[in-house]
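Residue numbers (our numbering), protein chains in the order written: chain L, 1 to 278; chain C, 1 to 415; chain S, 1 to 319.
Some hints could be false.
[Claimed, not checked] If you anchor each label on the Cβ, the simulated ranges turn out as follows:
1. L/A119 with C/A395: 31 to 41 Å
2. C/T396 with S/Q311: 54 to 64 Å
3. S/F170 with L/A12: 52 to 62 Å
4. L/V16 with S/T54: 48 to 58 Å
5. S/W72 with C/N137: 41 to 51 Å
6. C/G189 with S/Q311: 23 to 33 Å
7. L/L55 with S/P85: 29 to 39 Å
8. C/G124 with S/F170: 39 to 49 Å
9. L/W48 with S/D229: 28 to 38 Å
10. L/N45 with S/S120: 33 to 43 Å
11. S/Q311 with L/D40: 54 to 64 Å
12. L/A119 with S/T54: 47 to 57 Å
13. S/V117 with L/D40: 16 to 26 Å
14. C/A52 with L/V16: 52 to 62 Å
[Said to hold, decoys possible] DSS-like, lysine-lysine: derived pairs with alpha carbons at most 25 Å apart:
15. S/K69 with L/K105
16. C/K299 with C/K284
17. S/K69 with L/K167
18. C/K187 with C/K160
19. C/K321 with S/K236
20. S/K69 with L/K98
21. C/K221 with C/K239
22. C/K321 with C/K184
Please keep in mind that the hints were generated in silico from the structure rather than gathered at the bench.
Glycine residues also receive a C-beta, built at the ideal position from the N, C-alpha and C atoms.
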Amino acid sequence: MRRRGRLTSRLAWNAVGLAVTVVLVFPVYWMISTAFKSEDEVNGNPTWLPLHPTLDHFRDAIARPFFWDGIRNSVIVVSVTVALSLVLAFLAAIALAKFRFTGRKLFIVLVIGIQMLPAAGLIIPLYIVLARYGQVNSLTGLIVTYMTFVLPFSVWTLRGFLIGIPKELEEAAMVDGSSRLGAFVRILLPLVAPGLVATSVFAFITAWNEFIFAYVLLNDQSKQTATVWLSYFYGTSRHVDWGGLMAGSTLIAVPVVVFFLLVQRKIAFGLTAGAVKA
Amino acid sequence: MKRRKIASVGVLAAVVAAAASLAGATTAASDANTLTVWLQVDAQTGWADVVAAANRQFESSHPGWNVDVQYQTWGDHLGKFDATLAAGNVPDVIELGNTEMTKYMAAGAFADLTSAKSSFPNSGNWLAGLAASGSFNGKLYGVPYYAGSRVVTYRSDLYKRAGIAKLPTSLAAFIADAKKLAAKSGKRGFSPVYVAGTDWYIAMGFVYDRGGAIARFKNGKWVGALASKQAIAGLTAYKAFFNAASRASRTGDEARPQPYDVYAQGMAASIVGPAWFSCCVGAKYKAATKQFVMPSYIKGKAMPGFLGGSDLAVPGRTNAKQQAIDWIKALTSSTSQRALQAKGNIPNATSLLGNSVNERAAQRSWFIPTAKHWVDVENGNILRTMLARILTGKATIQQAASWASDNISFTLNRP
Amino acid sequence: MASSAVGIAPGSRRRRRRLTWSRVARGSTPYLLIAPVVVVTGAILGYPIYKLVTLSLQRYGLEELIQRKGTWIGLDNFSSVLQDPIFWHTLGRTAVFTIANVGLTMVIGTLLALLLVRVSRFVRILLTAGLVLVWSMPAVVAVQVWYWMTNFHNGVLNHLLTQARVGDFFQHDWYGSPLSQLSMATTLIVWAGIPFVVISVYAGLAQVPGELLEAAAIDGARPWRTFADVTFPILKPVLLILTSLSIIWDFSVFTQPFLLIGRSHIEAANYLMGIYLYTEAYANSDFGRGAAISLLMVLTVAGMSVFYVRQMLRIGDVR
Numbered sequence: 001m002r003r004r005g006r007l008t009s010r011l012a013w014n015a016v017g018l019a020v021t022v023v024l025v026f027p028v029y030w031m032i033s034t035a036f037k038s039e040d041e042v043n044g045n046p047t048w049l050p051l052h053p054t055l056d057h058f059r060d061a062i063a064r065p066f067f068w069d070g071i072r073n074s075v076i077v078v079s080v081t082v083a084l085s086l087v088l089a090f091l092a093a094i095a096l097a098k099f100r101f102t103g104r105k106l107f108i109v110l111v112i113g114i115q116m117l118p119a120a121g122l123i124i125p126l127y128i129v130l131a132r133y134g135q136v137n138s139l140t141g142l143i144v145t146y147m148t149f150v151l152p153f154s155v156w157t158l159r160g161f162l163i164g165i166p167k168e169l170e171e172a173a174m175v176d177g178s179s180r181l182g183a184f185v186r187i188l189l190p191l192v193a194p195g196l197v198a199t200s201v202f203a204f205i206t207a208w209n210e211f212i213f214a215y216v217l218l219n220d221q222s223k224q225t226a227t228v229w230l231s232y233f234y235g236t237s238r239h240v241d242w243g244g245l246m247a248g249s250t251l252i253a254v255p256v257v258v259f260f261l262l263v264q265r266k267i268a269f270g271l272t273a274g275a276v277k278a
Numbered sequence: 001m002k003r004r005k006i007a008s009v010g011v012l013a014a015v016v017a018a019a020a021s022l023a024g025a026t027t028a029a030s031d032a033n034t035l036t037v038w039l040q041v042d043a044q045t046g047w048a049d050v051v052a053a054a055n056r057q058f059e060s061s062h063p064g065w066n067v068d069v070q071y072q073t074w075g076d077h078l079g080k081f082d083a084t085l086a087a088g089n090v091p092d093v094i095e096l097g098n099t100e101m102t103k104y105m106a107a108g109a110f111a112d113l114t115s116a117k118s119s120f121p122n123s124g125n126w127l128a129g130l131a132a133s134g135s136f137n138g139k140l141y142g143v144p145y146y147a148g149s150r151v152v153t154y155r156s157d158l159y160k161r162a163g164i165a166k167l168p169t170s171l172a173a174f175i176a177d178a179k180k181l182a183a184k185s186g187k188r189g190f191s192p193v194y195v196a197g198t199d200w201y202i203a204m205g206f207v208y209d210r211g212g213a214i215a216r217f218k219n220g221k222w223v224g225a226l227a228s229k230q231a232i233a234g235l236t237a238y239k240a241f242f243n244a245a246s247r248a249s250r251t252g253d254e255a256r257p258q259p260y261d262v263y264a265q266g267m268a269a270s271i272v273g274p275a276w277f278s279c280c281v282g283a284k285y286k287a288a289t290k291q292f293v294m295p296s297y298i299k300g301k302a303m304p305g306f307l308g309g310s311d312l313a314v315p316g317r318t319n320a321k322q323q324a325i326d327w328i329k330a331l332t333s334s335t336s337q338r339a340l341q342a343k344g345n346i347p348n349a350t351s352l353l354g355n356s357v358n359e360r361a362a363q364r365s366w367f368i369p370t371a372k373h374w375v376d377v378e379n380g381n382i383l384r385t386m387l388a389r390i391l392t393g394k395a396t397i398q399q400a401a402s403w404a405s406d407n408i409s410f411t412l413n414r415p
Numbered sequence: 001m002a003s004s005a006v007g008i009a010p011g012s013r014r015r016r017r018r019l020t021w022s023r024v025a026r027g028s029t030p031y032l033l034i035a036p037v038v039v040v041t042g043a044i045l046g047y048p049i050y051k052l053v054t055l056s057l058q059r060y061g062l063e064e065l066i067q068r069k070g071t072w073i074g075l076d077n078f079s080s081v082l083q084d085p086i087f088w089h090t091l092g093r094t095a096v097f098t099i100a101n102v103g104l105t106m107v108i109g110t111l112l113a114l115l116l117v118r119v120s121r122f123v124r125i126l127l128t129a130g131l132v133l134v135w136s137m138p139a140v141v142a143v144q145v146w147y148w149m150t151n152f153h154n155g156v157l158n159h160l161l162t163q164a165r166v167g168d169f170f171q172h173d174w175y176g177s178p179l180s181q182l183s184m185a186t187t188l189i190v191w192a193g194i195p196f197v198v199i200s201v202y203a204g205l206a207q208v209p210g211e212l213l214e215a216a217a218i219d220g221a222r223p224w225r226t227f228a229d230v231t232f233p234i235l236k237p238v239l240l241i242l243t244s245l246s247i248i249w250d251f252s253v254f255t256q257p258f259l260l261i262g263r264s265h266i267e268a269a270n271y272l273m274g275i276y277l278y279t280e281a282y283a284n285s286d287f288g289r290g291a292a293i294s295l296l297m298v299l300t301v302a303g304m305s306v307f308y309v310r311q312m313l314r315i316g317d318v319r
């Protein structure tokens with residue numbers, strides 16, 4: 001009886017989940033279906049499904065100069081940014097969550113204060129700084145810039161996840177007789193893994209979609225990132241190739257989804273780990 | 001163990017930071033032998049071969065030099081230019097839209113090219129509208145690159161069906177033709193001539209047609225001129241034309257929706273805009289699409305069309321001024337200009353003008369007041385608000401024009 | 001916490017050294033941990049922040065930018081902004097806008113995260129993949145899709161609403177007034193902001209120990225009670241963080257409302273602070289004014305989020 005009740009309730013939740021997915025994803029569906037529509041359909045009256053689906057827009061997008069360069073540069077910049085930022089932010093978050101030290105409050109205030117600065121005001125001074133270091137038109141300059149945006153909210157978010165771990169679990173592990181590092185790896189890391197994953201996905205997407213700094217800081221089109229490559233579709237003073245733009249955006253979203261699918265298991269893993277006996 | 005791990009990560013981070021500062025990509029835009037040129041993306045998609053030819057010509061006459069053309073996008077290129085101005089690593093040549101020039105000329109961003117003027121090809125015959133956008137206080141800062149005007153793109157099949165045997169050569173005839181087209185179509189919301197209500201690029205043409213202007217520079221001050229008799233006559237003519245010919249939104253602009261999309265959806269018999277509109281009229285109507293010059297109220301003349309286009313300027317802080325000038329000469333040579341003309345652009349000199357519809361339309365053109373604060377007028381949507389009020393009847397033409405005129409005077413005369 | 005040392009070493013002679021060494025290590029460990037972040041951020045943002053402050057006290061337009069020299073005018077930029085009624089109207093409007101956006105994003109996001117826990121694995125992966133797709137759409141593309149869906153000519157929204165007989169929405173203009181313009185911007189921003197909240201809250205839920213939930217269920221607690229007593233306290237830090245971050249981002253949002261409403265329809269009546277900053281400062285190349293407005297924005301956001309930040313600090317202090 002109880003199992004039957006749980007089954008119907010799960011079915012009901014599944015139905016709700018599917019409905020929510022359809023509504024949420026509809027604009028994305030619109031983007032992807034537009035990418036498959038013929039040119040006339042794109043600019044004509046909207047239709048639910050492409051009547052004469054075509055791969056032309058995808059072909060044109062890939063054929064556009066510097067497509068593969070854009071993808072490659074974005075992958076490099078974003079992977080390094082996320083990897084470095086997450087390591088550094090995690091360390092800083094541990095310091096904030098586990099240690100008392102003077103200057104802790106100040107550091108937190110700075111971390112959250114930096115994020116309140118509107119980016120528009122920072123572009124020109126930041127460009128001057130990087131020019132002084134010789135980092136204009138270089139991927140390392142862009143990586144370091146992205147890190148300064150990603151680090152603050154990563155520190156802030158990871159600190160929250162670390163604090164959220166019930167202290168009893170940590171102490172129980174130490175009563176076990178394991179060293180602090182052992183307790184950390186065996187108990188804490190799996191618990192904070194979902195938080196790390198969520199933060200890394202957010203860092204990935206923020207860096208992947210960032211445009212204005214990539215545009216201003218990079219000169220050579222061979223060094224530009226995918227978002228800058230995409231901007232050439234709509235940056236013209238003439239007719240905008242909407243089909244091409246939608247195809248380009250769809251293609252650019254692929255690495256993000258791939259990255260997420262790779263790491264999403266870690267979130268589920270964390271969910272079951274929470275139920276593991278202490 | 002943990003300590004070592006932390007220390008090693010800390011060292012790694014320090015190394016990254018140090019490496020970032022040492023690994024130097026050069027920042028100077030003009031290396032000893034590289035000429036950095038910023039052109040807009042339209043050249044990359046439209047006439048990359050013309051640019052390549054100009055590069056080859058420059059490089060062969062300047063051994064040891066190579067040209068690095070970096071294509072920019074219209075939305076953000078000025079922000080990027082500002083950053084390079086602040087840091088000092090400006091490009092050696094930059095393309096700016098003719099409406100973008102004045103602000104930067106007034107601020108002293110560009111090198112003075114007056115002494116080199118006569119050495120630029122066809123400089124004695126530059127199109128008046130373009131040349132005006134490159135000069136400030138009597139000095140030359142920008143070399144005209146190419147231009148574009150406004151024409152009427154129309155469905156010859158619909159015109160024929162409505163019994164329009166000859167294309168209209170006066171505004172009155174055009175309005176009469178529009179009425180014929182409306183009668184023949186009967187579709188709800190169909191525009192004989194689709195013009196967006198607040199499309200000031202077209203509306204101001206009516207004003208300049210009657211001898212009016214947006215603003216005039218008198219006695220060292222800008223004076224808004226929209227409330228003058230001629231301007232009011234022009235605005236009245238525009239309102240009459242709009243009511244007779246266009247079913248577009250009275251408050252909408254010319255980008256949403258794009259006129260050629262309305263045309264492609266079969267909801268317009270003709271549209272007014274740049275000549276390249278013919279690219280995107282849809283496969284169904286492509287064969288029947290032709291163009292003609294928008295007529296003035298004076299029979300036989302063209303209505304002044306907004307002369308769009310770009311100039312090439314040399315930022316003042318460049319280290320390669322002479323080379324920059326030489327490169328500009330290569331891109332604006334008669335050969336290059338003829339190549340641009342073949343791609344549908346209007347060349348920069350009257351001596352090169354041909355007989356295409358686009359070029360005939362450029363015979364009479366108008367341009368915005370070359371004032372430092374004109375961009376503020378545009379950003380403040382003053383003209384658009386005025387047109388919306390006139391077309392919706394929220395204000396009389398006199399009221400709306402006076403309001404706009406006062407606002408424009410105030411904005412342009414800001415220090 | 002004070003007793004256990006990091007290293008393990010036998011012997012009493014070593015113990016004395018161990019204590020001093022470990023105390024120094026204990027003292028410096030947190031500083032070593034935060035050092036990389038401080039170094040990177042300081043090296044890159046130190047000068048820009050300094051410059052932002054100094055620019056706000058100068059008249060600094062395009063000419064000054066080119067000559068790389070401004071004129072000191074003290075607090076004139078600030079007083080000019082603070083005396084501008086448009087600034088105050090925009091501030092109020094943005095505050096309301098932020099509250100609406102953050103509220104909707106957090107509520108819907110949390111509900112969806114709770115939903116994620118209850119669905120089967122397949123639907124969960126589908127929904128999270130969908131969320132990531134939503135999350136990954138570039139702003140410019142999302143705005144264009146929104147425009148296609150909601151424009152009055154042939155937008156699918158009007159079509160659907162008319163079909164569903166909610167009313168007659170034939171060629172209804174969703175951008176006719178500042179309120180409707182900002183409402184459409186809200187839908188876009190909330191939609192784009194939900195994925196981060198859902199995935200973070202879901203990750204936070206993963207930290208709730210399963211036994212506690214089972215114990216509550218065995219005790220006969222209803223789902224709402226379980227949520228309030230067991231889940232929420234553990235989730236609190238994450239929720240506080242998400243709320244504070246959402247306040248910060250939604251307050252200064254620029255790209256989506258600016259592009260969605262359209263450059264030619266932006267006016268003082270529908271300014272948001274991000275748009276105000278752009279149109280009143282950067283579009284006119286008035287960098288000094290832009291810096292002053294930026295600093296005022298920081299102050300305002302700090303004020304709006306201080307409650308949540310304080311809470312976060314307090315939670316951290318309990319340890």
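Hint check:
1. Taking 31 to 41 Å as the suggested C-beta distance range, the pair L/A119 and C/A395 conforms, at roughly 39 Å.
2. A hinted range of 54 to 64 Å holds for the C-beta pair C/T396 and S/Q311, which are about 58 Å apart.
3. For S/F170 paired with L/A12, a C-beta distance near 36 Å fails the hint of 52 to 62 Å.
4. At about 54 Å, the beta-carbon gap between L/V16 and S/T54 stays in the expected band of 48 to 58 Å.
5. Between S/W72 and C/N137, the C-beta spacing of about 28 Å breaks the proposed range 41 to 51 Å.
6. For C/G189 paired with S/Q311, a C-beta distance near 55 Å fails the hint of 23 to 33 Å.
7. Against the hinted window of 29 to 39 Å, the Cβ-Cβ separation of L/L55 and S/P85 comes to about 55 Å, which falls outside the hint.
8. For the pair C/G124 and S/F170, the supplied restraint of 39 to 49 Å is violated, since their beta-carbon distance comes to about 59 Å.
9. Our hint of 28 to 38 Å for L/W48 and S/D229 is violated, since their Cβ atoms are close to 46 Å apart.
10. L/N45 and S/S120 have their C-beta atoms about 39 Å apart, which keeps the hinted 33 to 43 Å range intact.
11. Checked against the hint of 54 to 64 Å, the C-beta distance between S/Q311 and L/D40 comes to roughly 56 Å, which is consistent with it.
12. Separated by about 19 Å at the C-beta atoms, L/A119 and S/T54 break the suggested range of 47 to 57 Å.
13. Range check, S/V117 to L/D40: about 46 Å between beta-carbon atoms, so the 16 to 26 Å window is missed.
14. In this structure the supplied range 52 to 62 Å holds for C/A52 paired with L/V16, their Cβ-Cβ distance being about 59 Å.
15. For the proposed pair S/K69 and L/K105, the alpha carbon gap of about 36 Å is over 25 Å, so the pair is violated.
16. At roughly 33 Å between alpha-carbon atoms, C/K299 and C/K284 are farther apart than 25 Å, so this suggested pair is violated.
17. With a C-alpha separation of about 55 Å, the suggested pair S/K69 and L/K167 falls outside the 25 Å cut-off, and the hint is violated.
18. At roughly 17 Å between alpha-carbon atoms, C/K187 and C/K160 fall within 25 Å of each other, so this suggested pair holds.
19. Taken as a hint, the C/K321 and S/K236 pair is broken in the structure, with Cα atoms around 62 Å apart against an allowance of 25 Å.
20. About 47 Å separates the Cα atoms of S/K69 and L/K98, which puts this hinted pair outside 25 Å; it is violated.
21. Our distance criterion of 25 Å between C-alpha atoms is broken by C/K221 and C/K239, whose separation comes to about 30 Å.
22. A threshold of 25 Å between alpha carbons decides the hint, and for C/K321 with C/K184 the separation of about 60 Å lies outside it, so the pair is violated.
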